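Student: One-letter residues, chain by chain:
2 protein chains.
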Amino acid sequence: MDKKMKVTPWEVSGEIDYDKLIKEFGVQKIDSKILDRIKRHTKDLHFMLRRGVFFSHRDLNWLLDEYEKGNKFFLYTGRGPSGRVQLGHLQTWYFTKWLQEKFGVELWFQFTDDEKFLFTDKSYDEIQKWTHDNMLDAIAVGFDPKKTHFLVDTKHASLLYPEAIKFAKKINFSTVKAAFGFTNDYNIGQIFYTSMQAVPAIVPSILNKKNIPCLIPLAIDQDPHFRVARDVYPKLGYYKPAIVHGMFLPPLTGTGGKMSSSKESSAIFSTDSPKEVETKIRKYAFSGGRDTVEEHRKKGGNPDVDVSFQYLRMFFEPEDKKLGKIEEDYRSGKLLTGELKEYLIKKINAFLAEHQKRREIAKKEVDKFIFKM
Amino acid sequence: MDKKMKVTPWEVSGEIDYDKLIKEFGVQKIDSKILDRIKRHTKDLHFMLRRGVFFSHRDLNWLLDEYEKGNKFFLYTGRGPSGRVQLGHLQTWYFTKWLQEKFGVELWFQFTDDEKFLFTDKSYDEIQKWTHDNMLDAIAVGFDPKKTHFLVDTKHASLLYPEAIKFAKKINFSTVKAAFGFTNDYNIGQIFYTSMQAVPAIVPSILNKKNIPCLIPLAIDQDPHFRVARDVYPKLGYYKPAIVHGMFLPPLTGTGGKMSSSKESSAIFSTDSPKEVETKIRKYAFSGGRDTVEEHRKKGGNPDVDVSFQYLRMFFEPEDKKLGKIEEDYRSGKLLTGELKEYLIKKINAFLAEHQKRREIAKKEVDKFIFKM
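One line per chain: the protein sequences are A and B, in this order. Sequential numbering of the first sequence, starting at 3, is according to our numbering. Sequential numbering of the second sequence, starting at 3, is according to our numbering.
Treat the hints as calculated values from the structure; they're not laboratory data. A portion of the hints provided could be inaccurate.
The list treats identical chains as one, so a pair stands whether inside a single copy or across any two.
Pairs of lysine-lysine, DSSO-like flavour, derived with a Cα cap of 30 Å [to be verified]:
{"hint": "1", "residue 1": "Lys172", "residue 2": "Lys8"}
{"hint": "2", "residue 1": "Lys343", "residue 2": "Lys365"}
{"hint": "3", "residue 1": "Lys74", "residue 2": "Lys336"}
{"hint": "4", "residue 1": "Lys124", "residue 2": "Lys277"}
{"hint": "5", "residue 1": "Lys237", "residue 2": "Lys5"}
{"hint": "6", "residue 1": "Lys157", "residue 2": "Lys370"}
{"hint": "7", "residue 1": "Lys179", "residue 2": "Lys124"}
{"hint": "8", "residue 1": "Lys71", "residue 2": "Lys45"}
{"hint": "9", "residue 1": "Lys71", "residue 2": "Lys323"}
{"hint": "10", "residue 1": "Lys6", "residue 2": "Lys327"}
{"hint": "11", "residue 1": "Lys211", "residue 2": "Lys366"}
{"hint": "12", "residue 1": "Lys212", "residue 2": "Lys157"}
{"hint": "13", "residue 1": "Lys265", "residue 2": "Lys172"}
{"hint": "14", "residue 1": "Lys131", "residue 2": "Lys211"}
{"hint": "15", "residue 1": "Lys374", "residue 2": "Lys285"}
{"hint": "16", "residue 1": "Lys124", "residue 2": "Lys365"}
{"hint": "17", "residue 1": "Lys212", "residue 2": "Lys124"}
All figures in this text were calculated on a predicted structure; none of them were measured in a lab.
Kindly generate the complete structure, drawing on both the sequences and the hints.
Tutor: In structure tokens:
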């Protein structure tokens with residue numbers, strides 16, 4: 003667990019120190035003052051905000067200033083479609099859905115198929131297959147179809163590429179080298195790619211021919227893209243996008259790094275069966291409990307490192323009272339690891355049953371969501 | 003004139019040694035054997051081929067093999083629209099038109115507006131203006147509208163970008179560094195750009211879902227793009243394109259480097275008035291004649307370094323007999339520099355009068371040429 007922390011858009015490893023990330027990335031902590039400000043508009047606060055799962059931001063006060071002046075923002079998030087969608091992705095998307103509902107705003111959802119083609123050894127066709135597959139999950143989240151627009155980098159290149167080169171012209175190789183750790187061996191598509199990720203934050207402004215503020219909810223590993231593009235937005239005449247950063251849902255095997263689609267044993271996928279969820283949680287979910295029941299009863303468990311507890315806290319137990327009780331009982335030894343796991347399994351399976359039902363329906367709704375140029 | 007030769011897509015300078023370029027670039031000289039082979043199909047030979055203005059090639063024998071098997075090729079050339087079109091561009095395009103006529107083939111004409119935006123300090127809007135302007139010149143050349151398709155990199159990005167990333171994935175920064183002399187200060191759009199130039203050579207194959215050979219006529223400074231992309235084509239399942247390389251039309255001021263749109267005194271533009279042509283030739287065209295009429299009559303002039311003579315040879319005097327007479331008379335001192343210049347002025351102005359007439363008509367024909375996706 004002492005492994006050196008590394009957080010880039012393409013690698014998250016080591017024990018994550020979020021306070022250190024806030025400093026290194028130069029972002030602001032989401033504090034009670036800004037939470038109060040959000041609450042004035044949303045009435046309640048999403049539990050992921052209350053519990054600091056979305057923990058830091060850029061320019062959120064400015065965004066709320068604009069909102070309060072009647073200058074509505076839009077949301078922008080996305081997905082690199084290189085495999086199945088897992089809980090870590092869904093966490094951000096369900097939070098984004100809450101933002102869409104509470105603020106009544108548009109969402110632009112980017113599928114970075116070019117990125118995933120360029121950064122993996124997967125074929126173009128395979129990435130296209132995952133793009134379609136992953137859209138089903140995004141639709142299943144329940145975004146408002148009238149207010150949600152999917153952009154696919156290759157499909158919408160005539161819209162995105164002409165803008166991307168405007169960012170690209172102001173970013174040199176030294177900059178991406180420093181921001182992402184690229185070397186001369188990186189391919190020229192990888193080097194260019196960050197420009198494409200910058201664009202959706204200005205698409206509504208282009209289409210409406212006026213500046214519209216943008217809020218990007220994302221896991222913090224994606225922040226370097228916007229750190230690089232950030233200074234470019236005003237140079238092109240646009241607002242810098244505001245950002246809220248989420249923590250990583252930990253991998254099943256422990257609290258370092260993040261849940262990853264590429265490691266089967268680390269992730270629970272959106273299409274996993276109840277049986278698979280059960281097996282994975284039982285078999286892999288790292289426990290903060292004691293070695294024996296006797297010891298656990300006597301000394302209690304540690305929810306801070308217990309993956310099952312963390313999943314409840316970060317995603318599957320919205321009710322603070324219930325979560326508090328679980329934490330208390332686990333710490334005291336009243337609640338055993340097995341019991342905690344069973345509770346989580348039930349929660350996840352209930353959640354996935356609903357998600358998977360909507361995912362089936364989504365198969366007929368893809369066209370509705372893809373932006374018509 | 004001893005300045006070190008430099009030939010890249012973005013800089014041509016120094017005394018050009020074409021034999022050295024053939025060796026450095028690893029291309030083949032166009033010899034009498036291959037000229038005979040071309041002649042079998044075209045009946046006559048374009049004077050730019052007879053006189054070695056198009057002087058080297060890649061894979062032309064293979065292209066003719068395929069052609070003779072009934073596997074027709076298509077042509078691909080282009081223009082980086084950053085300013086007015088000048089005679090150096092028109093030279094390649096008129097030759098390309100001859101190829102289109104003689105072989106009865108399609109032409110794909112790429113406007114690399116992204117490139118010119120990324121490699122100059124011009125604004126996006128200015129480049130768009132030049133793109134439209136330069137299209138008028140391409141149309142005025144007289145390409146068959148039924149067989150000619152304009153691609154604009156930004157406008158057709160949904161077609162080009164998804165293919166460009168397939169090239170990009172197989173080209174790293176070290177490679178473009180070596181091929182183009184890029185440094186870490188180059189912007190990430192410049193680094194990516196060569197992938198976009200690779201794509202038109204496969205567009206007809208994609209659209210027709212079968213492999214179609216491609217012939218690219220170009221000035222040799224553009225060859226490095228294809229040298230970089232060349233090995234990638236077969237990896238993606240396509241033929242390597244064949245290429246014929248043209249020499250540079252020299253700048254007015256001398257035989258080093260190439261005619262350049264960015265130096266007013268070095269170029270004659272497609273839209274120059276008869277008066278402007280007259281003034282430029284009289285004032286700037288480097289002379290191979292002697293300092294005084296007396297000396298010239300006695301010792302004769304040197305047509306090899308005389309820009310006016312070279313323009314006649316390379317572009318404006320298609321008739322070998324007339325050109326031979328001019329050369330003889332100039333060498334002997336019978337023809338004076340002033341007389342040679344007057345002859346060239348008449349030739350260019352007659353040519354431009356026709357070109358400009360068609361250029362006016364072209365204003366209503368742009369839509370016909372732009373490829374409909």
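Student: Are the hints correct? Go through all of them and say.
Tutor: Now for the hints, and whether the structure bears them out:
Taking CA atoms no more than 30 Å apart as the test, lysine 172 paired with lysine 8 passes in both settings, with 26 Å inside one copy and 27 Å between copies. Neither within a single protomer nor between protomers do lysine 343 and lysine 365 lie at most 30 Å apart by alpha-carbon distance, with minima of 32 Å and 73 Å respectively. For a Cα distance limit of 30 Å, the shortest separation of lysine 74 from lysine 336 qualifies neither inside one copy, at 48 Å, nor across copies, at 80 Å. In this homomeric assembly, lysine 124 and lysine 277 come within 30 Å of each other (Cα to Cα) only inside a single copy, at 29 Å, whereas the closest approach across copies is 61 Å.
For the homomeric pair lysine 237 and lysine 5, neither the shortest alpha-carbon distance inside one copy (39 Å) nor that between copies (39 Å) is at most 30 Å. Taking the shortest Cα distances, lysine 157 and lysine 370 sit within 30 Å of each other both inside one copy (15 Å) and across copies (24 Å). Taking the shortest alpha-carbon separations for lysine 179 and lysine 124, both the intra-copy value of 24 Å and the inter-copy value of 26 Å come in at or below 30 Å. Taking CA atoms no more than 30 Å apart as the test, lysine 71 paired with lysine 45 passes inside one copy only; the shortest distance there is 18 Å, against 75 Å between copies.
Taking the closest pair of Cα atoms, lysine 71 and lysine 323 never come within 30 Å of each other, the shortest separation being 36 Å inside a single copy and 80 Å across copies. Taking the closest pair of Cα atoms, lysine 6 and lysine 327 never come within 30 Å of each other, the shortest separation being 34 Å inside a single copy and 80 Å across copies. Proximity of lysine 211 and lysine 366 under a CA criterion of 30 Å is satisfied inter-copy only: 29 Å between copies versus 32 Å inside one chain copy. In this assembly of identical chains, the alpha carbons of lysine 212 and lysine 157 lie at most 30 Å apart whether taken from the same copy (25 Å) or from different copies (22 Å).
Taking the shortest Cα distances, lysine 265 and lysine 172 sit within 30 Å of each other only across copies (26 Å), while inside one copy they are farther apart (36 Å). Taking the shortest alpha-carbon separations for lysine 131 and lysine 211, only the inter-copy value of 20 Å comes in at or below 30 Å, while the best intra-copy value is 34 Å. Within a single copy, lysine 374 and lysine 285 get their C-alpha atoms no closer than 45 Å, and across copies no closer than 56 Å, so neither meets the 30 Å cut-off. For a Cα distance limit of 30 Å, the shortest separation of lysine 124 from lysine 365 inside one copy, 24 Å, qualifies, whereas the shortest one across copies, 46 Å, does not.
For the identical chains of this complex, lysine 212 and lysine 124 are inter-copy neighbours only, at 24 Å across copies versus 39 Å inside a copy, given an alpha-carbon limit of 30 Å.
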